[in-house]
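S.K.: Those protein sequences? They're chains A and B, same order as listed. Take 1 as the starting number for the first sequence in my numbering and just add one per residue. Take 1 as the starting number for the second sequence in my numbering and just add one per residue.
Just so you know, not all the hints are guaranteed correct.
As the list claims (entries may be wrong) - So the derived label-pair ranges between C-beta atoms look like this: (1) Gln14(B) / Ala62(A): 19 to 29 Å; (2) Asn93(A) / Ser83(B): 28 to 38 Å; (3) Arg154(A) / Asn93(B): 20 to 30 Å; (4) Ala99(B) / Ala36(A): 44 to 54 Å; (5) Ala62(A) / Asn93(B): 23 to 33 Å; (6) Arg158(B) / Ser125(A): 40 to 50 Å; (7) Asp71(A) / Gly86(B): 43 to 53 Å; (8) Pro117(B) / Ala147(A): 26 to 36 Å; (9) Ala62(A) / Ala140(B): 12 to 22 Å; (10) Glu118(B) / Pro124(A): 49 to 59 Å.
Read the hints as simulated data drawn from the structure, not as lab findings. Each residue gets a CB set at the ideal place from its N, CA and C atoms; glycine is no exception.
Protein chains: 2
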Amino acid sequence: MPDSDTHSQTQFHQMPGYLIRRLNQISTSIFQDRMAALQLDLTPVQFAALSALQVNPGIDQATLAGLIAYDRVTIGGVIDRLSTKGLVARSINARDRRARQVSLTPEGNALLHRITPEVAALQPSILDGLTEAERALFIALAQKAAAASNDRSRAPLRPRKP
Amino acid sequence: MPDSDTHSQTQFHQMPGYLIRRLNQISTSIFQDRMAALQLDLTPVQFAALSALQVNPGIDQATLAGLIAYDRVTIGGVIDRLSTKGLVARSINARDRRARQVSLTPEGNALLHRITPEVAALQPSILDGLTEAERALFIALAQKAAAASNDRSRAPLRPRKP
DNA sequence: TGCGTATAATAAGTATACTTGTCAATTCCC
DNA sequence: GGGAATTGACAAGTATACTTATTATACGCA
């Protein structure tokens with residue numbers, strides 16, 4: 001019996017669920033450290049929201065959530081915090097008064113231009129232990145897996161129709 | 001300019017940070033659905049904690065946190081909830097009264113035996129879009145990356161010395 | 001036209017996953 | 001043996017990431 005116990009611990013650390021969580025912890029930690037080094041107060045979620053808004057100004061919160069695969073309720077809080085920082089502005093859509101149109105402010109746009117290259121530059125360091133070829137392979141596999149299971153998450157990616 | 005905008009959106013969805021977050025959403029969602037189907041109220045974190053306690057009964061909270069790569073503060077809340085459910089018991093260590101020893105209750109042990117095979121069985125479905133060979137490759141790459149960057153996360157894995 | 005359905009957002013609640021700060025108990029070192 | 005440094009846990013605060021419920025608005029259709 002002690003044998004099976006020992007194995008079960010070893011087994012745990014090979015499970016995809018565990019490994020993915022670890023990588024997520026590492027990824028967010030690296031992002032956070034880089035932002036702190038730049039003396040910025042911005043989370044990965046907030047960066048994603050700003051990026052999507054740059055490409056799609058004036059979209060409503062639900063559409064924004066779909067573009068970056070977030071829950072609609074969660075995005076509300078994110079927009080609140082970005083709004084408090086003066087990076088985005090919310091206004092009521094005249095044609096559909098249920099909807100809030102969200103756009104970057106000039107400050108938000110300036111900040112995004114400043115940090116986008118930083119965020120792009122930090123990405124490879126998330127997979128620092130891998131060679132260049134392995135990194136590319138990992139990204140391809142992750143894309144394939146995420147695309148295949150998109151609808152199994154609570155907040156699926158809903159890309160805008162082109 | 002519209003060209004670079006279009007590219008920047010495309011680029012975003014290929015970043016490791018984004019893909020890892022998506023996979024984590026998918027992974028936790030699948031876990032949650034399976035537990036709900038079994039009429040159980042247990043999160044991935046809670047399962048990991050129970051598993052580690054089965055192999056290492058009576059360890060203190062900080063050691064437990066290190067074994068599953070969690071923050072010490074976070075684990076306190078997890079233990080609280082497991083304790084409320086009657087799955088673990090906390091007692092003060094006689095030799096170091098700062099430390100709380102945590103152990104599985106008989107109920108916790110029974111539950112763990114019941115769900116461990118379920119959790120193991122659900123793991124492949126997290127990477128459902130991949131072939132068997134790709135899954136093995138992904139796991140190997142993820143393990144390598146997580147191990148290499150272990151100390152860059154806020155809560156590194158601290159395995160027990162054998 | 002009006003009523004039921006659908007949608008957008010918010011509210012309240014739970015559970016991670018951290019941060020910093022505090023406190024108590026212990027251990028180290030002189 | 002006694003003070004300093006360390007350690008384990010908790011408290012309070014922030015930020016995702018959900019759930020369910022509620023409110024307001026819009027839309028479809030008979």
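S.K.: Each hint: holds or not?
M.R.: Hint check results:
1. For Gln14(B) and Ala62(A), the Cβ-Cβ distance of about 24 Å falls inside the hinted range of 19 to 29 Å, so the restraint holds.
2. For Asn93(A) paired with Ser83(B), a C-beta distance near 48 Å fails the hint of 28 to 38 Å.
3. A C-beta distance of roughly 40 Å is found between Arg154(A) and Asn93(B), which places it outside the suggested range of 20 to 30 Å.
4. Remark: the range hint 44 to 54 Å for Ala99(B) to Ala36(A) is contradicted by a beta-carbon distance near 32 Å.
5. Between Ala62(A) and Asn93(B) the CB atoms are about 51 Å apart, so this pair departs from the stated range of 23 to 33 Å.
6. The supplied range of 40 to 50 Å is broken by Arg158(B) and Ser125(A), whose beta-carbon atoms lie about 22 Å from each other.
7. A C-beta distance of roughly 31 Å is found between Asp71(A) and Gly86(B), which places it outside the suggested range of 43 to 53 Å.
8. Restraint check, Pro117(B) to Ala147(A): a C-beta distance of roughly 29 Å satisfies the suggested window 26 to 36 Å.
9. Distance hint check: the CB atoms of Ala62(A) and Ala140(B) are about 39 Å apart, inconsistent with the given range 12 to 22 Å.
10. Our hint of 49 to 59 Å for Glu118(B) and Pro124(A) is violated, since their Cβ atoms are close to 37 Å apart.
The structure does not agree with the numbered hints 2, 3, 4, 5, 6, 7, 9, 10 stated previously, though it agrees with the rest.
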